[in-house]
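Protein chains: 2
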Amino acid sequence: MDVVSDLEYFMRPKSLAIIGASATPGKAGYNFISNLLSSNFPGSIYPVNPHTERILGLKAYPQIADIPEAVDLAIPIVQPSLVPDIVRQCAEKKVKAIMVSSPGFADAGEEGEQLETEVLNIAREQGIRIMGPNTQGIMNLDAGLVAVSVVPVGELINGKGVSFVCHSGWFYSDWILRCPLIGLSKMVDLGNMGDVDEVEVLDYLGADPQTRVIVLHIEGIREGQKFMRVASEVTRKKPIIALKVGRSAAGAEAVASHTGSLAGKDEVHDTSFRQLGITRAMDMDEVTDFTKTFACLSPLPTGKRIGMVTFSGTGGVLAADACDEFGLSLAQLSEASVEKVKDIIPAWASVENPIDVGRVVDPEVIGRAYPAVLEALSEDPNVDAILVMAMTISTQPELSAYNVLREYAEKGLKKPTVVTGLRDEEGLKELSSLELKGIVTFPTVERAVKALAAAYSRHRFLSR
Amino acid sequence: MDVVSDLEYFMRPKSLAIIGASATPGKAGYNFISNLLSSNFPGSIYPVNPHTERILGLKAYPQIADIPEAVDLAIPIVQPSLVPDIVRQCAEKKVKAIMVSSPGFADAGEEGEQLETEVLNIAREQGIRIMGPNTQGIMNLDAGLVAVSVVPVGELINGKGVSFVCHSGWFYSDWILRCPLIGLSKMVDLGNMGDVDEVEVLDYLGADPQTRVIVLHIEGIREGQKFMRVASEVTRKKPIIALKVGRSAAGAEAVASHTGSLAGKDEVHDTSFRQLGITRAMDMDEVTDFTKTFACLSPLPTGKRIGMVTFSGTGGVLAADACDEFGLSLAQLSEASVEKVKDIIPAWASVENPIDVGRVVDPEVIGRAYPAVLEALSEDPNVDAILVMAMTISTQPELSAYNVLREYAEKGLKKPTVVTGLRDEEGLKELSSLELKGIVTFPTVERAVKALAAAYSRHRFLSR
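So the protein lines, in turn, are chains W and F.
Note that the working numbering has the first sequence beginning at 1, numbered continuously upward.
Note that the working numbering has the second sequence beginning at 1, numbered continuously upward.
Hints are not guaranteed to be accurate.
[Claimed, not checked] Here are some chain F residues pointing at chain W (derived, C-beta under 10 Å): (1) S168; (2) G169; (3) W170; (4) L181; (5) Q210; (6) R212; (7) A250; (8) D285; (9) A320; (10) Q396; (11) P397; (12) L422.
Simulated from the structure, these hints should not be mistaken for lab results.
Model, not experiment: these values are computed from the prediction.
Glycine included, C-beta positions come from ideal geometry on N, C-alpha and C.
Chain W with its partners taken away, still in its complex shape (with noise of 0.2 Å):
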């Protein structure tokens, strides 16, 4: 049996089986069966509870073994101790996969460590894979598989093939509430890495087809070596997004006590992350900005100069030091493109890159600038990717930027293009919708810059 038909009783499972199910909404035993309902699963859900007949709605089972038709999964939420009883069970019944989501495992120091050790032993012997324990589960919304013991925040919406590996329910959903528009189309939550580990569903959402982007949350690489040549391979067909943590000493005892892993020398991975082409993030704000290039912005940058539109003089200075900063550089603009735009923008103003338009005291002076300049730039072959400054604020909504990037990027994006600038809330959603459309939008020019040089510097790893 392979690793990626393993996974799939996880990922896919065509019945499942809620032990220790509960009528009681906020428990744990209730959310899965919640979550599955709510999401659509097809397959049948099976809960077990011996104390009751029926639990939302579905018919409740004494024991495992009273279930009527073969099950995939098994979702044990009871007493660690009783885990290891479970299995047994499990095992009689002929189950493929567990996933134990309760804490309390090697976790919860050395006697966690032993009951895990045991669980992991029995599995072993039965031939059951076990994910966790100690994870908030498994998502799949390309098959409407919720299976979290906790209620997701958000909207769950699959929008351009994120999924993630990760350690930790913060993570997975902290995203969705960062991007809701993108939102995910698979997530792991390995927990304790007892069993199934990162290697192996990084090697299954690989192979997946509706996977285009993965983040990787990573707490401790078991088998480097393994790693490093499922990584490679993957990275090669998409892009890799890793957040590593427990990376100081006192980090590496957090991640001990979080999941029982070791978090391992930091500075190897920082190498060999970029031997593998794997986009390294340091915090939550540049899992998001990274993640969304990669989602989201189209096409991507195949050179490193910047031609830029902004309304502000300062936004200009801003974007040359951070081009120096991230190994980009501001383009030098053909002569076709100072003449078209030379007459557009005021007297005062510069022609040379960054294009400042000039102040946004008169609308009409961005609606006409700003698409004009636009489109010198998508034109010009000294420019490989736009950065525009926009404010999103107009006394003529018609000339927002939203507006007028909508337009933009209607007519077909010829170059990479990311915006920042001044935004309410309000133009702050219109302007991260045309994400969808492939224009990304940064909280500020620096990450702006710093996402399109990783971006390019996926370019250049698929070109070695």
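Once you have looked at the hints, place chain F on chain W.
Frame of chain W, contents of chain F only:
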């Protein structure tokens, strides 16, 4: 006449003339007047325009000379080439200060540079101080003065005494949109800094009783020695946060074309900022984070030992890494603290710091655990600051992070407390409102720790 009283004519003029006033909404000559009216400017406003009788209900005068009263501050909004003559007319009228808003001077090549020199020479001969040219204007919300050429973004309030010295309308506007509840006290856009420079304004704000925190946006420092002398005095009295742009060669070039300033060597700034106790920000995210920390966080940290409460083990790992990176440490909790919380948090969870109160499955646990842990950390002599990782989304609103933290804040904050975590839009707004009560919110664990480190660094500077 000393600097402070010179600047009073810009910051608290008794009477103002708008030369080139316009009745056309959207034009700078209109915006200046409508902004002053909206801000309830208590002095006299004199529109000057020979072609109209009234503008926005105010009597317009054909010439400066026709104004019946003395004029403290004149704001010419005319073609750059007409400015020298306007300055001469102002001199005859004994105008004390002139703010030249128009661009097209040292920011626009050699010809503009000559024009700027001409204007400055006339003004100097006549004893008139010049703000700009190429400035969006000045705000002094403590004196009802909103003298800017554009319609300001967001609501103008002065919550916490934050004052800005900048070369860009974008800079202060971005701040207003980012921190709408904190607002600003004073804002001076230096523009090309032909006469009044950042040192004079810094000196003014240092002495200004309403200003508690100063934010400097620096394109170039003209007189390093003078800057260091004034900054070293001011920084003992109140925190200065500086964003120095034009750090790279390309950035310095962009600065020259923006305001004609010389950006200078970056290494000089980095060392001198540290010596002077200036908090250096590298982008607008850091400006925001550090400014709201100094403006709102109360008390400020006097040590580097962080106590943390989290709902996510990953949060603890991230905090440990961030403490290591930014020179702070995770506190070793006192035995008393451990005693206080050990029965409240789940058996499997960690009573070591960071205290993980468990998953957010059960809001009642959260509702009981957070207050108890916050109380324990507040009393713990080993803890200098508290980092909260919270979730604003709760099935029981009365147990939401916001409500828990509001009650905690209302009892009186004994330790500096910062918050990060999972938040939806509504939750973020609620959490941000706690900034006025002393608890500051950050988008990531790393940024929360970095801001605490900046605050602790100021403590060390002041104790030195």
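Hint-by-hint comparison with the structure:
The interface hint given for F/S168 is met, as the beta carbon of that residue sits about 4 Å from the closest beta carbon of chain W, less than 10 Å. A hinted interface residue such as F/G169 counts as satisfied when its beta carbon comes closer than 10 Å to some beta carbon of chain W; here the least separation is about 7 Å, so the hint holds. The beta carbon of F/W170 is positioned within 10 Å of a beta carbon in chain W (closest approach about 4 Å), and the interface hint is therefore held. A least Cβ separation of about 13 Å between F/L181 and chain W goes past the 10 Å threshold, and the interface hint is therefore violated.
For F/Q210, the shortest C-beta to C-beta distance to chain W is roughly 26 Å, which exceeds 10 Å, and the interface hint is violated. With a cut of 10 Å, the hint placing F/R212 at the interface with chain W is violated, because the nearest CB-to-CB distance is about 24 Å. Taking 10 Å as the C-beta contact cut-off toward chain W, the hint placing F/A250 at the interface holds, the least distance being around 4 Å. Nearest Cβ of chain W to the Cβ of F/D285: about 6 Å, under the 10 Å cut. The hint holds.
Checking F/A320 against chain W by beta carbon gives a least distance of about 4 Å; that is within 10 Å, so the hint holds. A distance limit of 10 Å between C-beta atoms decides the matter here; for F/Q396 the minimum to chain W is near 9 Å, and the interface restraint holds. Taken as an interface hint, F/P397 does not check out: its beta carbon lies about 14 Å from the nearest beta carbon of chain W, beyond 10 Å. The closest approach between the C-beta of F/L422 and any C-beta of chain W is roughly 6 Å, which is under the 10 Å cut-off, so the hint is satisfied.
Hints 4, 5, 6 and 11 from the list above are not met by this structure, while the remaining hints are.
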